[in-house]
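Chain residues, written in single-letter form:
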Amino acid sequence: MSGPTFSGNLQQTTNYKVVLPFYVYGAISFVIACTLLLFNTDLVQLHYFTPHTLAIVHAMALGWATMIILGASHQLLPVLIEGKLDSDTIAFTTFYITAVGIPILIYGFYIFHSGWVMQLGAILINIGILFYVINVLRSSIKSSTHGVHAWYMITASLWLFTTTFFGLLLVFNFNYQLLPSSSVSYLSIHAHLGIIGWFLLLVIGVGSRLIPMFFISKYTNEKVLWIIYALINCSLIAFVIIKLIALPTYFYYLPLILAFTGIFLFVRHIIKAHAVRIRRKVDEQMKTSILSVFQLMVPVVVLLLTLIFLPMEQHTNMALIYGFSIFFGWLTAIILGMTFKTLPFIVWNREYHKRARQGKTPAPKELFNEKVYNTMLVCYLLGFVSFIVALSIKNDFVAFGATLALLLAAILYVFNVGLTVFHKAN
Amino acid sequence: MSSVCVMTNDSEKCDFALVGLYDVYDPEVGLNVVDLGLIYQIDFIEDQMRVHCLMTLTTQFCPMGDQITGDVTGALKTAFPDWQVEVELTFEPAWDYSKISDVGREFLGQ
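Which chain is which? The protein sequence lines are U and Y, in order.
Each residue of the first sequence is one higher than the one before, counting from 1 in my numbering.
Each residue of the second sequence is one higher than the one before, counting from 1 in my numbering.
So here's chain U without its partners, still in its complex pose:
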């Protein structure tokens, strides 16, 4: 008599050793970004182009959002491209090089050392991201199918590299005249390459796959996802062209309407998936993710109101609210929710993968503390709303209180990430 056998074509998941460092790095960066904000709440009264604001924005955009999303995308890549991650070694290289580059760049911004400090940080980040793009492309090429989700992932990774490469040019442009104008005049292009091309495209690609999956919803509409893909990409390309050739303000309505339509269709897609879900009870993590989908509308509305009601010279006043609602609003909310939908699975697989039928195993959601999660969410929402108020009335005191709440949310987030990552099977 021989032992049990198994046959089938189960898709290999990504090695947890590749993914976990990104999550831990991102969590620590979130605390650092909130701490930096706590010591610089006076920025609510300043122009967005100040060294400390640049440092905080890059701590949020690169250290927090990009590193977590890079980790999640390495984990979710097999689901999106319907293939396996090409190389763990390249993924490790992406992590180590980017992880070294980010603090150097942030330090460079903080002290505004536009020479070798910023340049070294930017170069390292570009090398790290280039490795990531190579890994995504190689994985996609080797995959047998190339559905819409794969295209979201491939395109988003290419936009990410475009963003970091353009950022590198801007850093060098501080000291060498590489571009026709000063770096400040290109900041909105650099920012939107990242926000629309990288974050928005990837979040929609991943969200449209994962959110219905977690709802156990039968709703799917690949045609709409292709339309959203086209709208978002056209919006970004239109914005860059309009900005580069300096067309009048009313031309900006075109990319805004394209992006708004894309986001609206995505929101509608999620609402439809939610309506026909089989799993009626929606957990707190999914509620946070749904909240983030609606938070996505905040920066769009801010932008629309700015274009309609404010004269051109006052547009910079709204830039901080716009940026804050993206990095501390939409992106942070989706990460807070999705971390505890993906990370527990990764750790659960690490700990219980080879323990089939060796006693009862906890559910993935039991790997973190739900009460701490709920408290974190309350602190986060309190901090987010208060900070928007602080920015609107330009009040340091309110900003300080709001940042304390955000910092507490970040600490609670790190606590729960630590609880999950260091979980050991009994």
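Watch out, some of these pointers could steer you wrong.
[Said to hold, decoys possible] Covered by chain Y, per the in silico footprint, the following chain U stretches (three or more residues, Cβ under 8 angstroms):
1) 76 to 89
2) 278 to 285
3) 339 to 350
4) 361 to 373
[As the list claims (entries may be wrong)] Here are some chain U residues the structure puts well away from chain Y; computed CB gaps all over 10 angstroms:
5) P21
6) Y25
7) Y107
8) V184
9) H190
10) I227
11) R268
[To be verified] Below 25 angstroms or equal to it, Euclidean Cα-Cα: the simulated BS3-like pairs (lysine-lysine) are:
12) U:K17 - U:K142
13) U:K223 - U:K272
14) U:K84 - U:K17
15) Y:K99 - U:K281
16) Y:K99 - U:K272
17) U:K218 - U:K142
18) U:K17 - U:K365
19) U:K281 - U:K371
20) U:K218 - Y:K99
Think of the hints as simulated: they come from the structure by calculation, not from any bench.
Beta carbons are placed, not taken as given, at the ideal position from N, Cα and C, and that holds for glycine.
Following the hints, position chain Y against chain U.
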């Protein structure tokens, strides 16, 4: 709406196998693999003392796939310790929501 439907060539032994499989859960959904509709077929090849289980997962990219198939193998091995257990994974036909049993739908709040 549907009840549990598992094809078999021996309904008596299959019922015995299902008792064990009702204890195997999809950790994310919290529902057992039988009511979730993951078990397609269980056949018993008497002369070879072999149990063959054809099953699926909710998605080919299920991060819990190894665990679930391992648990199914273990449950069948416990139910039939003297038999050789074979678990075959298939995605044709792919799992869909219609495969969830009445009890499963009730559990999920439908």
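Hints, verified against the model:
Coverage of a stretch by a chain is defined here by at least three residues with a beta carbon nearer than 8 angstroms to that chain's beta carbons; for the segment 76 to 89 of chain U and chain Y the count is 3, and the condition holds. Counting residues of the segment 278 to 285 of chain U whose C-beta sits closer than 8 angstroms to any C-beta of chain Y gives 4, which meets the bar of three, so the coverage hint holds. Three residues within the 8 angstroms Cβ limit are the bar, and the segment 339 to 350 of chain U against chain Y gives 4, so the coverage statement holds. Counting residues of the segment 361 to 373 of chain U whose C-beta sits closer than 8 angstroms to any C-beta of chain Y gives 3, which meets the bar of three, so the coverage hint holds.
Even its closest Cβ contact with chain Y, about 18 angstroms, leaves P21 of chain U beyond 10 angstroms, as expected for a residue assigned away from the interface. The Cβ of Y25 of chain U sits about 21 angstroms from the closest Cβ of chain Y, beyond the 10 angstroms cut-off, so the non-interface label holds. Under the 10 angstroms C-beta cut-off, the non-interface status given to Y107 of chain U relative to chain Y holds; the minimum distance is some 37 angstroms. Annotated as non-interface, V184 of chain U keeps its C-beta farther than 10 angstroms from every C-beta of chain Y; the closest such distance is 44 angstroms.
No beta-carbon of chain Y comes within 10 angstroms of the beta-carbon of H190 of chain U; the shortest separation is about 34 angstroms. No beta-carbon of chain Y comes within 10 angstroms of the beta-carbon of I227 of chain U; the shortest separation is about 24 angstroms. For R268 of chain U, the shortest C-beta to C-beta distance to chain Y comes to about 21 angstroms, beyond the 10 angstroms cut-off, and the non-interface label holds. For the suggested pair K17 of chain U and K142 of chain U, the alpha carbons sit about 22 angstroms apart, so the restraint of at most 25 angstroms is met.
Our distance criterion of 25 angstroms between C-alpha atoms is met by K223 of chain U and K272 of chain U, whose separation comes to about 14 angstroms. Among the hinted pairs, K84 of chain U with K17 of chain U is consistent with the structure: their alpha-carbon atoms are about 15 angstroms apart, no more than 25 angstroms. Of the pairs offered as hints, the one joining K99 of chain Y and K281 of chain U holds, with about 20 angstroms between alpha carbons and a cut-off of 25 angstroms not exceeded. For a cut-off of 25 angstroms, the pair hint linking K99 of chain Y to K272 of chain U stands: about 21 angstroms separates their Cα positions.
Straight-line distance between C-alpha atoms of K218 of chain U and K142 of chain U comes to about 28 angstroms, which puts the hinted pair past the 25 angstroms bound. Simply put, K17 of chain U and K365 of chain U have alpha-carbon atoms about 20 angstroms apart, close enough for the 25 angstroms limit, and the pair holds. Of the supplied pair hints, the one linking K281 of chain U and K371 of chain U holds, its CA atoms being roughly 18 angstroms apart against a limit of 25 angstroms. Annotation: proposed proximity of K218 of chain U to K99 of chain Y holds, straight-line Cα distance about 12 angstroms (limit 25 angstroms).
Going down the numbered hints, you'll see the structure goes against just number 17.
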